[in-house]
Every structure is written in structure tokens, then in C-alpha cells.
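Asker: Taken in order, these protein sequences are the chains called A and B.
Residue numbering for the first sequence is 1 to 413, as defined by my numbering.
Residue numbering for the second sequence is 1001 to 1353, as defined by my numbering.
FYI, nobody ran anything at the bench for these hints, they're computed from the structure.
Careful: at least some of the hints might be erroneous.
Stated by the list, open to error - Computed Cβ-Cβ distance ranges for the label pairs, DEER-style:
#1 Val8/A - Pro1115/B: 47 to 53 Å
#2 Glu1175/B - Val347/A: 45 to 51 Å
#3 Arg1280/B - His15/A: 51 to 57 Å
#4 Leu13/A - Gly1086/B: 29 to 35 Å
#5 Gly1150/B - Glu245/A: 24 to 30 Å
#6 Tyr269/A - Pro1115/B: 26 to 32 Å
#7 Gly1118/B - Leu13/A: 40 to 46 Å
#8 Glu1112/B - Val8/A: 52 to 58 Å
#9 Gly1118/B - Glu245/A: 56 to 62 Å
#10 Phe231/A - Glu1175/B: 29 to 35 Å
#11 Pro1116/B - Phe34/A: 19 to 25 Å
#12 Phe231/A - Ala1170/B: 35 to 41 Å
#13 Gly1118/B - Phe38/A: 54 to 60 Å
Quick caveat: nothing in here was measured; it's all calculated off a predicted structure.
Ideal Cβ placement from N, Cα and C applies to all residues, glycine included.
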Amino acid sequence: MIWTVMAVCIRRLLHNRTELLLTIVVPIVFFSIFALIFGGASSPGTTPEIKVIAVDTVGSPHSRRVLESLLQTRGFLFVDRLSVAQPPDAGQPDLSEREATAMVRRGAAALAIVLRRGDAGSVHAELLSDASDQVAPQVAAALVQRVLLMTGQTVPPATQTQPTVGRPSDQAAVVQAGGTSVVQADGAAISTAVPAFMPPAVEVIDIIGGDRHNPVISMYAAGIAVMFLLFGASGGGGALLEERENQTLDRLLTTGLTMDQLLLGKWCYLTLLGVVQTTIMFAWGQAAFGIDLLGHLDGFVIMTTVTAGAAAAFGLLLATLCRTRGQLNGLSVVAVLTMSALGGSMVPRYIMSPALRDAGLWTFNAWALDGYDKVFWRQLPVAELWPQMSVLMLSGAVFLVTARGLATRWETQ
Amino acid sequence: MTMDKGPSQTAASIAVAPPATSPTSPALNLASTRVALAGRQRAAASREVALRVDQLRKRYRQVAALRDVSFSLHAGERLALLGPNGAGKTTLIRCLAGRTKPDGGAIELLGERLPPSGGRERLGLVPQDIAIYGDLTAAENLTAFARFHGLRGAELRRRVEWALHWTGLADRSGELVSGFSGGMKRRVNLACGVMHSPRVLLLDEPTVGVDPQSRQRIFEMLNELRDGGTSILLTTHHLDEAEQRCDRIVIVDHGRVVADGSFEQLVRDSIGTSRHVRLRIDRPLVEPLPPWQLAGDNAARDGLQTRLDDVAGQLPQLLQGIAEAGYGVLSIEVHAPTLHDVFLHLTGQKLRD
Chain A
1 MIWTVMAVCI RRLLHNRTEL LLTIVVPIVF FSIFALIFGG ASSPGTTPEI KVIAVDTVGS
61 PHSRRVLESL LQTRGFLFVD RLSVAQPPDA GQPDLSEREA TAMVRRGAAA LAIVLRRGDA
121 GSVHAELLSD ASDQVAPQVA AALVQRVLLM TGQTVPPATQ TQPTVGRPSD QAAVVQAGGT
181 SVVQADGAAI STAVPAFMPP AVEVIDIIGG DRHNPVISMY AAGIAVMFLL FGASGGGGAL
241 LEERENQTLD RLLTTGLTMD QLLLGKWCYL TLLGVVQTTI MFAWGQAAFG IDLLGHLDGF
301 VIMTTVTAGA AAAFGLLLAT LCRTRGQLNG LSVVAVLTMS ALGGSMVPRY IMSPALRDAG
361 LWTFNAWALD GYDKVFWRQL PVAELWPQMS VLMLSGAVFL VTARGLATRW ETQ
Chain B
1001 MTMDKGPSQT AASIAVAPPA TSPTSPALNL ASTRVALAGR QRAAASREVA LRVDQLRKRY
1061 RQVAALRDVS FSLHAGERLA LLGPNGAGKT TLIRCLAGRT KPDGGAIELL GERLPPSGGR
1121 ERLGLVPQDI AIYGDLTAAE NLTAFARFHG LRGAELRRRV EWALHWTGLA DRSGELVSGF
1181 SGGMKRRVNL ACGVMHSPRV LLLDEPTVGV DPQSRQRIFE MLNELRDGGT SILLTTHHLD
1241 EAEQRCDRIV IVDHGRVVAD GSFEQLVRDS IGTSRHVRLR IDRPLVEPLP PWQLAGDNAA
1301 RDGLQTRLDD VAGQLPQLLQ GIAEAGYGVL SIEVHAPTLH DVFLHLTGQK LRD
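Let's have the full structure, built from the sequences with the hints guiding it.
Answerer: Take a look at the structure:
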């Protein structure tokens, strides 16, 4: 008897291609995506490239050597290299450094490496970073520190700046290797005629986070919101298929209602529902997790409206692609989860390889998240949202027009 | 005299019985009903044509769903489109409703030629499926479909109120349709198709899957519509519905119109005056009784059946012949032809399911 029950279940599964797809194929697809994200497409041991901009405020032969070494460092992808021909005017912010700061704020670079003159002709580095990327500053600091060491840069203990990057035991080993005082194996010093050296300090300065203590909350809020906008829109599109299956669509189209009006009406409803859903989520985020929704209302409204519109159109497109609700369920799960993984709704895109990051740009999750990032984290003006708005609005229009074209086959047979 | 091919419904007495009644329908005063039908038919012949179908054709790949289908629906008439599953009834309804584009032919609604789609404001459609929103209340469904049909304001509210009383669901207007019985859902389904007071109403299998009581209620509702001037075209494969509830019958099979007329006309044109006669005698017949070709009744060895072209003239001769052979007649049943007999005669096969 038990075996008969099992056999019936197995046969039903084998006859149901949608369920087979969800059971067998989707986990493989997901595993592959995450393997690519975390395993990387490149060979083991390589450092993922970080988009940086370098500013040399010193202009000395040594700083130029440091800059050239940085340019050749694997792991850095230089967006731009700025030099200062003359020292900045007193009281006036350096133009090049200001440009670099703006680029980091806009997200054009993950961080800016600023070489400054230190005491006794030394050169030290400041990393102007975005605290939402928790990986790049640490990796960049290590690479910069290595470059400074390789170009012969060390800092006397008295002039060492804080904070120092690196483990204390590493620093001790460097002191032993680079300094002129010799330390015996038993730890007793033989000569202290020359002061010990300290590794060059690399200071990491967060130019965006300020006093915000948790940079990732707004990003996760946006990521989850976009993913559920897609699921909601797919569900709404399913209602269209149900109407078709039970002949309600036939009945509707014999009234004065046209297919254009029907699709537009559903799109407006799904968009409105998505806006409400996201607003409630962010309102909760403000109440429970401190997201500053009210302080960024204009950007939030714009991004939420265009994202919800694009998601609604995508849901209708999926519905018109399918013939049954079962087909839609399978297709929407695969599509939404894949887009969410690639687009950064599940894991931050900054930990992905460049190839995967580029692939993510084919999902509107990535564009939506970039937009929310600009609103809530970078706090850029609304005008800076035009790339994201353009892509999302264009996507929505294309999806809607395509859905309308596909729905033509439902109008008359 | 012809050999009977199959049993028909049973009659009630030894005399020529009135037409058989379906075991599931209430008792009807069929004589008066037939007079009324005849009256409406005469009136229909002089009325305007509400819907005209002319040489309609539709093919799906290798299958010809409709082959030069032509018929007319007169104003105030109730026409049954009868045929087995796969005959083309639903395809025809979809063409009339503008949901399927025919490959050829013409459709005229109230004298105006209809395009393949659109232009159906004076047409109402009640699909076979329950095509309403289960997660809306009865009132909300009626309101929604009234709005889709263009009704607004006071007129909309009036029609919704009328529909709730017409369906007998006024006291349940605020309940979700998903909680209704099948018959109640069918009534709401019907009402949603007439909110805009159509001149012609198309119904695809309006009583499928409902109990006899609900079926009776639905036809009472259709009577009210017809009395209000709505012409009705309904598809069915229930013979009793077509025979007893409709003014005229169009029989469709394999995409063609096989017959078109009132029940009496169809009988006259197909079977004619012949009738099926069944007798019970006092003992099994041991040898043939010429010139009568009597077949054994499978029900009993002492049961016989035959078909007489002239019951009034030939039945006394048959009884005399049996008596002269030494047999006693215990009972006689004379069966009036039914629509099933007509269909069998016209198509050469039983009504497929």
C-alpha cells in the first residue's frame, strides 16, 4: 500500500514537467549562480579587481613611484588617475581630491587612494571609501600598504598615524626585518642605535557612512522589496491566465472592454500594489531598523514607482508567455530567483566577479538596487537617478508592449 | 414497417401515448405546451430576424469545425443548438460572440453585418464555464460586469438590484460567490451576461452540472427574458431541454446543420408517422407471425416490438393477427418519437457523449 502511494506520487511528478523543472533544474541553476558568485570565474588566489581612483597630492619623485606601482598592482582597476601640479591653496579644498570624493560618493569608484605628504618626506595614503562595501577597503589597504613597503616607504614610530592596518604580529615581523636594530632569537636587542621602523600607515576614511552604524539595512530592504515586487507581479499575472482558463476573459472581451484596456488596467493595479507593498516595507524599516525613509521621500517615490511599474509589466509579460497557471508558476520562480541572485537582491554585487556584475546589469534588480543605493546610502540628488529611471521605464515599456503583442492571440482565434 | 434499432422512452397507456417525459423533468401539460409552441412558431415566422448565420466556415488545421452553417434566430424565439460533443456548437457560439474568427461566411445581428470581432454591444454571452469572480460577492460581480457593459450611475444600481431579485439571491448579495452552490453560481453567471439587456443572448450549455431544481429555475429565468423580448440561442446536448423548452431546434453534427425546425417539423421530416410499438403476450412466440415482423424484446421472451407506419390502421390488424395465432395480448405500448429518435434517424448514430 505504501509503495502504491509512493508510485502514484512518482508517476504524477514524472507527468508534471513544471514540477520536475522546479524540483531538479532550479536548484542546479541556483547552485551554479552562487558557485560563480563565490567561487569566481578567475583562477584561485587572484584578488577581485576593485574600481579605484588615485590622487597624488604630493608630487614628489617618491609619490610618483608609489603611484606608478599602484597603477601596476593587480587587483586595482583604475577609473582615473589625478595628479596635483601644485599644492592646494590654503583654505581651499583640493580640486582633484574633491572630484575623487564625488566619484566615490556617486559610486563611480569603490574608493579613492589619496597620497599625502607625511613627516620627514614620507608619503602616506588615505583611502576614501564607501562603508557599504565591506570588502574593498580592507583589500585595498593591504595592497596599498604593500606598495608603500616595496617602494621603500616606512614610517618612524614617532610619526606613525592611527589607525594602523594589519595584525600586530605582522607589524612586529616587519619591524624586525626592516629596522636596523637586530633582535636575537632570545628577544634581547643587540643594538638600538637606529630607531625601529613601522609599516606605512594606511588610513581608511568613510566618506559616506558618517555616523550610520549599519550600512546594509537599506540595501537589503531594497533587494528584498524588488524580489517581492517580482513575485507579486507574477502572481497578478496569473490572475489573467485564470480568467482565460475559466472563460472570464472571453466574456470580458465581448463587452465594451478591449485587450488594451484590460492589460493597462491590470498593469496600473499591479504597479499601485507594488508601490503600497514597498512603502509599507520601508515604513517598517524606518520604524524598526532606522532607515531614513522620510528624509529621502522624493527619491524613494520615484524609484519605487518606476521599479513597481517595470515589475508589473514583467509579470504581465510572463503571464502572456504562458498557456496555463502551472506553466507560469514554474517560469516565474526560475526567472525571479535567477534575476534576484544575479541582480544583487540576495548577495551584494560587489562580491561578484566583474563578469557576473555585468550579467547582473541585464536584470532590473541591479538597476533598481543602484537607484535605491543612490537615494538612501549615497544621498545623491534625484537628478542622479536618471540612468536607473531610464532603464527601468524603458524595460517596463518594452515588457508591456511585448505582453500586448503576445495577448493578441487571446483576442480571437 | 421497420425494425427498431433501439429502445425509446416508455409510454403510459395502451393507447397512442403522449410524448414521453424525461424521468428528471416535472410533469408538463404537453398538449398545451405544444399548442403554445406552435403559436410562437407561427408568430416567429412573421417576426424580424434577430440573428442570421450564413454559410459560416471554420477550420482548425485538418479539422473542419464548421462547414457552411446557416440558420436564423427570430425575434423573441428560443432556439436550441443540439449536437454531440465535438459537433461544432461551441465554435459556432464563439464565432457569434466574436471570440473566434470564422474562415468564411457572414453573421448578421439585427440586420447589421457583424465584423469578426467587436460590435457586439447588443449581444450577451453566457459561457459554459462559471466565468465570474469567485472572490467577489454576487453584487460585486453583477456591478463589475454591468460596468464592463457600459452601465453607470442610477441605471447600474437599478439593474444590479433587478438582477439580484431575478436570480433569487437578493438576500445573499454580500456573500462571496465561491461559497455558492453550483446552481446559484450558474444563476449569477447568467445574470452577468444580461446586465446590459441584450437583444440576443447566447448561452453555451447553461444547465450543465446543475440539479433539476436549479435547471427549472434557470429556464424560468430564460422565460422571463424571452417574454421581455430577448431572443435566445442556447447550445445543449440534453434532448429534453431542446425538445420541451425551445421553439426550434437546429441539429449540428460534424460541423454541419443536419436539421432545422420545430420538433414536430423534425419528426415529420425524418421519422414521419411511423411509431414504435411494443407488446407483451401471454407466452413466448414460437414461430414468426407473417406479415408482421416482430422482434423479441430483450427485456422478456414474451415481449415483442415492431414499427408501424400507420398506427391507427395497422395496430388493429396486428392485434387481430396475434389473436388468430392463439396468443393473448397482455399490454401494448405505442411510443411517440423523441428527439433522440430524430437524431438517430438523421445521423445514423446515437448521440455521442
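Asker: Against each hint, give a clear statement of whether it holds in the structure.
Answerer: Status of the hints after comparison with the structure:
| no. | hint | in the structure |
| --- | --- | --- |
| 1 | Val8/A - Pro1115/B: 47 to 53 Å | holds, 50 Å |
| 2 | Glu1175/B - Val347/A: 45 to 51 Å | holds, 48 Å |
| 3 | Arg1280/B - His15/A: 51 to 57 Å | holds, 54 Å |
| 4 | Leu13/A - Gly1086/B: 29 to 35 Å | holds, 32 Å |
| 5 | Gly1150/B - Glu245/A: 24 to 30 Å | holds, 26 Å |
| 6 | Tyr269/A - Pro1115/B: 26 to 32 Å | holds, 30 Å |
| 7 | Gly1118/B - Leu13/A: 40 to 46 Å | holds, 44 Å |
| 8 | Glu1112/B - Val8/A: 52 to 58 Å | holds, 56 Å |
| 9 | Gly1118/B - Glu245/A: 56 to 62 Å | violated, 23 Å |
| 10 | Phe231/A - Glu1175/B: 29 to 35 Å | holds, 30 Å |
| 11 | Pro1116/B - Phe34/A: 19 to 25 Å | violated, 51 Å |
| 12 | Phe231/A - Ala1170/B: 35 to 41 Å | holds, 40 Å |
| 13 | Gly1118/B - Phe38/A: 54 to 60 Å | holds, 56 Å |
Of the numbered hints stated above, those contradicted by the structure are hints 9 and 11, listed in ascending order.
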